[in-house]
Amino acid sequence: MHKAILLFLFILFIASPLLAANEVEVRMLRTVSLAETPKQVVSTADGQRIYVLNEKGEVALYSSNGDLMGTFDAGPDVTGIAPQGSNRLVLEMADQKQLILAALEPVVHISTKDAPVLGPENAPVTIAVFDDFECPYCAKAVPLIKQVVNAYKDKVKLVYKHFPLGMHKNARAAAIASMAAQEQGKFWPYHDLLFANYNKLNSKKFTELAKDAGLDLVKFAADRKDPRLQQRLQLDQEEGRRIGVRGTPTIFVNGRRLPQRSRQAFDQMIQEELAKAQPGRS
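In terms of mature numbering (1 follows the signal peptide of the UniProt record, and there is no 0), the sequence shown is residues -20 to -1, 1 to 262.
Hint data in this document are derived by calculation from the structure and do not stem from the laboratory.
Some hints could be false.
Stated by the list, open to error - Pairs of lysine to any residue residues, derived as SDA-like cross-links and limited to a Cα-Cα distance of at most 20 Å, are as follows:
no.: 1; residue 1: K137; residue 2: N234
no.: 2; residue 1: K185; residue 2: A202
no.: 3; residue 1: K256; residue 2: K36
no.: 4; residue 1: K93; residue 2: K191
no.: 5; residue 1: K137; residue 2: I125
no.: 6; residue 1: K137; residue 2: N34
no.: 7; residue 1: K36; residue 2: A82
no.: 8; residue 1: K256; residue 2: K126
no.: 9; residue 1: K137; residue 2: R236
no.: 10; residue 1: K191; residue 2: A176
no.: 11; residue 1: K36; residue 2: L79
no.: 12; residue 1: K126; residue 2: A245
no.: 13; residue 1: K93; residue 2: P207
no.: 14; residue 1: K205; residue 2: Q217
no.: 15; residue 1: K256; residue 2: I90
Stated by the list, open to error - Pairwise CB distance ranges, derived in the manner of DEER restraints:
no.: 16; residue 1: E101; residue 2: D26; range: 33 to 43 Å
no.: 17; residue 1: Q127; residue 2: S23; range: 36 to 46 Å
no.: 18; residue 1: D134; residue 2: G55; range: 32 to 42 Å
no.: 19; residue 1: Q28; residue 2: R7; range: 14 to 24 Å
no.: 20; residue 1: M147; residue 2: Q28; range: 15 to 25 Å
no.: 21; residue 1: R243; residue 2: A74; range: 42 to 52 Å
no.: 22; residue 1: A62; residue 2: S242; range: 29 to 39 Å
no.: 23; residue 1: K93; residue 2: R7; range: 27 to 37 Å
no.: 24; residue 1: D94; residue 2: A74; range: 47 to 57 Å
no.: 25; residue 1: A176; residue 2: V4; range: 44 to 54 Å
no.: 26; residue 1: G146; residue 2: R10; range: 18 to 28 Å
no.: 27; residue 1: M8; residue 2: Q240; range: 13 to 23 Å
no.: 28; residue 1: R221; residue 2: K120; range: 16 to 26 Å
Backbone N, C-alpha and C define an ideal beta-carbon position, used for all residues, glycine too.
Based on the provided sequences and hints, a complete structural model is requested.
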């Protein structure tokens, strides 16, 4: 009798998930077309990167949205891949008692069309900053970025990209106000004033700062209502999301993401890019 009860309970235990199972609703978000039949598909733990290995040993890197970020040839001896953290990949080798740990650094293209630029247009190094005028970390990074730009002068240009975060209620309006200042050729002075007052921003403050920057207030008010500025802002945000920007400030040096906001990190990446730009170097 005791054994019969135990058997019944065991059967009930293994059957209960089936009895209690609910319908799962599946919503297909996007279909990604691949150039080759995949051999293996893996994703990072945070879901931000997807790696696809094909039979030729080529690895394609996709963003969480399914956008292709880049490809590289790992070699035909690679039989499997496994992500380690956000930017490393373990390569499993065929017929060899070894694994290869590869550090991946996608180089993205960032449009400078209509963007504010500080520095010479033909500078060999471009620093692109995706920023939010109400972000305290962005405000804190301004002196460091200025220091770097001043240190390298004719070798570096700074490009500002708008990426207002939803949690900051005045950030989007601040971005539009800065674009209105750009229409009068005074983006950078207004940029500095906005960040100096990042925790005090509102519609009235935008006008006060415009006056301090010497802007034509009538034109400033009219330009803030121009739908073209909203369109430009949307393009910046879409571009940022496409290349993996999730927070601010996110900084790129010639399309390579700055790993940390420090002078040392800036110097290292800029020196690497300047070395690439030397004659005879690729």
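Each hint, compared with the structure:
1. K137 <-> N234: holds, 10 Å
2. K185 <-> A202: Since the Cα atoms of K185 and A202 sit roughly 16 Å apart, the hinted pair holds (cutoff 20 Å).
3. K256 <-> K36: At roughly 29 Å apart (the allowed maximum being 20 Å), K36 and K256 break the hint.
4. K93 <-> K191: Roughly 27 Å between the alpha carbons, so the hint for K93 and K191 is violated.
5. K137 <-> I125: Between K137 and I125 the Cα gap is close to 11 Å, so the pair holds against 20 Å.
6. K137 <-> N34: Roughly 39 Å between the alpha carbons, so the hint for K137 and N34 is violated.
7. K36 <-> A82: The given pair, whose Cα atoms are some 18 Å apart, holds under the 20 Å limit.
8. K256 <-> K126: violated, 23 Å
9. K137 <-> R236: holds, 15 Å
10. K191 <-> A176: Cα-Cα ~15 Å, so holds.
11. K36 <-> L79: With Cα atoms ~18 Å apart, K36 and L79 stay inside 20 Å; holds.
12. K126 <-> A245: holds, 15 Å
13. K93 <-> P207: Within the cut-off at roughly 17 Å; holds.
14. K205 <-> Q217: holds, 19 Å
15. K256 <-> I90: holds, 19 Å
16. E101 <-> D26: 33 to 43 Å: holds, 37 Å
17. Q127 <-> S23: 36 to 46 Å: holds, 38 Å
18. D134 <-> G55: 32 to 42 Å: Since D134 and G55 have Cβ atoms about 41 Å apart, the given range 32 to 42 Å holds.
19. Q28 <-> R7: 14 to 24 Å: holds, 20 Å
20. M147 <-> Q28: 15 to 25 Å: holds, 19 Å
21. R243 <-> A74: 42 to 52 Å: Holds: the Cβ-Cβ distance is about 44 Å, inside 42 to 52 Å.
22. A62 <-> S242: 29 to 39 Å: holds, 30 Å
23. K93 <-> R7: 27 to 37 Å: holds, 34 Å
24. D94 <-> A74: 47 to 57 Å: Holds - the Cβ-Cβ distance for D94 and A74, about 49 Å, lies within 47 to 57 Å.
25. A176 <-> V4: 44 to 54 Å: holds, 52 Å
26. G146 <-> R10: 18 to 28 Å: About 22 Å separates the Cβ atoms of G146 and R10, which means 18 to 28 Å holds.
27. M8 <-> Q240: 13 to 23 Å: violated, 37 Å
28. R221 <-> K120: 16 to 26 Å: Roughly 24 Å apart at Cβ, these two residues keep to the hinted range, so it holds.
The structure fails to meet hints 3, 4, 6, 8, 27 from the earlier list, while all remaining hints are met.
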